[in-house]
Amino acid sequence: MSLDQDTVKQIAHLARIKLSEDRIKPMQEDLNRILHFIDQLNEVETGSTEAIAGVNTPAMPMRDDRVTDGDKVQDILQNAPEVACNMFVVPKVVE
Amino acid sequence: MTNHYFYEGTTGPWELVIGLEVHAQVISQSKLFSGAATAFGAEPNTQVSFVDAAMPGMLPVINKICVEEAVRTGLGINAEINLVSIFDRKNYFYADLPSGYQISQNDRPIVGKGHLDIELEDGTTRRICITRLHLEQDAGKSIHDQHPEKSYIDLNRCGVALMEIVSEPDIRSSEEAAAYVRKLRSIVRCLGTCDGNMDQGSMRVDVNVSVRKPGSSLGTRAEIKNVNSIKFLAQAIDYEAERQVALLEDGGEVLQETRLFDSAKGTTRPMRSKEHAHDYRYFPDPDLPPLVLDAAWVEGIRKTMPELPDAKKARLMKDYELPAYDASIIVAETETAAYFEAAVKALKSRDSKAVKLLANWLIGDLFGALNREDKTLDTCPISEIHLAGLVDQIVEGVISGKIAKDVFVRMWETGKDAASLIEEHGLKQVSDEGAILSIVDKILDENPKMVEEYKSGKDKLFGFFVGQVMKATEGKASPEVVNKLLKEKLG
Amino acid sequence: MTNLAVKPSLKNDLIHLTLAEARRGLEKKNFSAVELTKAYLDSMEEHRHLNAYILETPEQALEGAKECDARLAKGEGRSLEGIPLAMKDLFCTKGIQTTAASHILEGFIPPYESTVSDNLTKAGTITLGKTNMDEFAMGSANITSYFGNVISPWKRADGKDLTPGGSSGGTAAAVAGGLAVAGTGTDTGGSIRQPAAFSGLVGLKPTYGRCSRWGTVAFASSLDQAGPITRDVRDSALMLKVMAGHDSKDATSAHVEVPDFAKALELGVKGLKVGIPKEYHLEGMPEDILNLWDQGKKWLTDAGAELVDISLPHTKYSLPTYYVLAPAEASSNLARYDGVRYGLRVPGRTLDELYENTRSEGFGEEVQRRILIGTYVLSAGYYDAYYLKAQKVRRLVTQDFELAYQKVDVILTPTTPSAAFALDEKPTDPVVMYLNDVLTVPANLAGLPAISVPAGFSKDNLPLGLQLIGPAFDENVLFRTARVLEDAAQFKSFLRGHVS
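Protein chains in written order, with my numbering: chain A, 1 to 95; chain B, 1 to 491; chain C, 1 to 500.
There could be a bad hint or two in this list.
[What the hints assert, rightly or not] List time: in silico BS3-like cross-link candidates among lysine-lysine, alpha-carbon distance up to 27 Å:
# : chain 1 : residue 1 : chain 2 : residue 2
1 : A       : 72        : B       : 64
2 : A       : 92        : B       : 265
3 : A       : 9         : B       : 90
4 : B       : 442       : B       : 476
5 : A       : 92        : B       : 90
6 : A       : 25        : C       : 426
7 : B       : 405       : B       : 303
8 : A       : 72        : C       : 122
No lab work stands behind these hints, which were simulated from the structure alone.
As the structure is a computational prediction, the values presented were derived from the model and not from experiment.
Required output: the full structure, derived from the provided sequences and hints.
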């Protein structure tokens, strides 16, 4: 499969990465090279093989329901670029 | 009766097709994947761990109680429990979603198909099928009113465990939708898995509404997000049905879109931030192994299930011959059922007459008083035992039903029990025939004209004589004795 | 004849001791932890042009060294007391900037310590600084770092600057160049083994689940594993013993015992069945690589091992599988870098603009490419064809190994298809660059432990490594086999040049 430029723009928007006009074509070419490489997978007969998400996976460990964390608002906010009233600040979001 | 389910347009009837997604916050001390607290109303960002803030390298570890409560809820809605389920990432960018994905369950939820039965006002019952229940994280909160150009982000809610319970599109009216949510709420409250507080957001409803001509295929649906009361749910559905029908009858078409309910105007409007169709790119969360449950563990939960509203209702109807209507109201809220059952236990006589009387006092006078004074059973000044005591006094003939209303008011005001108030205020019913007879004689003597009219066939006047006697005894005379004596005297 | 550009001077042979030797010297009080640390700090200053460290932390290091000396004086030295280490800048370090070599995390000071770095510190190690790497560990040449390329301490005859390999290139350059006794790396597709091979070092990727991932900046969560880069096999065993262990904060962390790996070192390979997978014999593989592989086989048979020809039929598809799964996971893992809670923010009029500006300026070209590929393979309509397909092939790759381990104890292959290349020879086609990982990626997909041991030299006199792949949680078989190769290759003494 190969990507057209509209699809590249669409994916870039989904991933929230701004691609200036001059970057679209080279990015398209790179992505298509990679996709072409990936397309080798089509040669593999996977028939009834079940997908796996991970390996050596243990049983899901579960924690007890206790409050063991939180109450560290300064640690949470200390790296933030903009803070007010102990909250993170972003441009106005319209719902 | 099918008319009930149709919306009458100018081109004939339209059928409403409604599916609900209920988000119910799991009752837990800490979050689904972090040890931060879940309490409502804390100072901003004080209940946030590094995991919730999606700091680099942070990893989720699941809270066992949330898994247990999802299973318990699943059993409560008669659903299959999936012994293997998978947590997926639902990817999208949003201000209150720090990691850029929500951990949810897509293909393999913890709970599969189930159902619940709803009772409608006309006395009929309908079965609504449930597609699934899955566990997922709540998002944080964006605050828009603090600054003209900025939104502030509080992550306290972020990561709190939610159960998303998805119904089939089986619902046909706003009444059914409301009954479904009420039923679901009574079940989760009874199970103790969700507090059902819609005003605090611990239960929220997304509504999918479409309309179609009867018998035709499904219409395009609109999704109304985050409806936070049952009243609004019904309003939103009615408005949306009207809007869609008007649109279609006008030759327009319904857009598949996400809308918001405006509770002030009672209308819905498109949500601006969701203009673009989402592509959530679900995939299994590589930080979390599959959740494998032990069948014996699930059975252990099943064994500790409390009696659910439907079973309780059936029992109340069978044991006390309570009418279905009374029983439904009593079991709708766990607190009501608990209050009622404690009161029944305290009754001296538990025959069906006494129990029915108790139900009447609970549903009528007590609920009325609670509503008027904006109280709940938790803050009710009349205890279960006291209400039972009042009913005892009526059943035993110590006071009449009428005096009981007075005693009830005094109980409400003082918190005292009925017997002492009756004693204190001398409200005991007079059943002594001699004492009442002298009053009856006096009344008949004072009203010779009326006696004459009665005897000449004006039967209605009987009530006048009863009233006069009761007035003279300050309502304390036994109505039965008064009736008997008057009948004897007037022939 | 050594090509190691960093010439050890006699006055400073401290910087060429192995971890075990340094630890012994400290215990015997031949030198103090402060002296050892100072020697490294001096060396770091002298060789700053290698750009091995993004951040040097001399004050903390010396402070830590003093505490180590106090403990050593009381005879209370812990297992790695006083050992100065290089910490890959992917491990979050409390109060110390952690960047993953990305502009988007520049200035980020974690208020927490990763489990692996915490384990090391608690065993007495001293952190000299945070080492350079490929941005978010995405790369095989350490040329995608926002903080500049790392230059290998090794030189080719033509004098060109070489890559130390990647993504743990800073740690590899530091350990090879005498800028740290040993160091930490992470390996998602070869990021420990390949730079170790290029730099003449021992690099171990442990079994998936052996080391906690908590507090390590994630690249591809189902593949990432932390591990040591060291000067010899013993050091690798000593480091892993400390780095590994179950962590209740990581749901994928394995509940298995951590053996005393050093005990396996001298077991030898007598009677061991060593698998030679025919699919690792790549078309056009350079002769020096093939010769090295043959040499390795001979060393092992000479030591009493038995060679078994095996087939891992899906090897060819490992790399394309990896380039679906790793970017897919990365596209999601890297969504949190959005300019809101930490790191770089590039303003925008709307929140979406802020996201797009921040991520476009904050992420480098290769990271953006992988995020876009990952986003695409997960998007509606392509999930089944790419992501699901790759997950299925991953199972087949894993099954290949399972079958092989019914017949053999360990597998021997070359680590890389070539020696280190010059920085100005880097390929422009991203896919050509990806081929660097062709021999290392299968072990990540299957979650198996694998080690690269320096075993010889290329035709250009650059180091080459042999890779051993073991069954899950059997790092011991790697250590005992690697020791035999190391002994036979006599590489260790060679690396140390004329110090000894």
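Structure-based check of all given hints:
no.: 1; hint: A:72 / B:64; result: holds, 24 Å
no.: 2; hint: A:92 / B:265; result: holds, 24 Å
no.: 3; hint: A:9 / B:90; result: holds, 21 Å
no.: 4; hint: B:442 / B:476; result: holds, 17 Å
no.: 5; hint: A:92 / B:90; result: holds, 24 Å
no.: 6; hint: A:25 / C:426; result: holds, 21 Å
no.: 7; hint: B:405 / B:303; result: violated, 43 Å
no.: 8; hint: A:72 / C:122; result: holds, 24 Å
Comparing the model with each earlier hint shows a violation of hint 7 alone; every other hint is respected.
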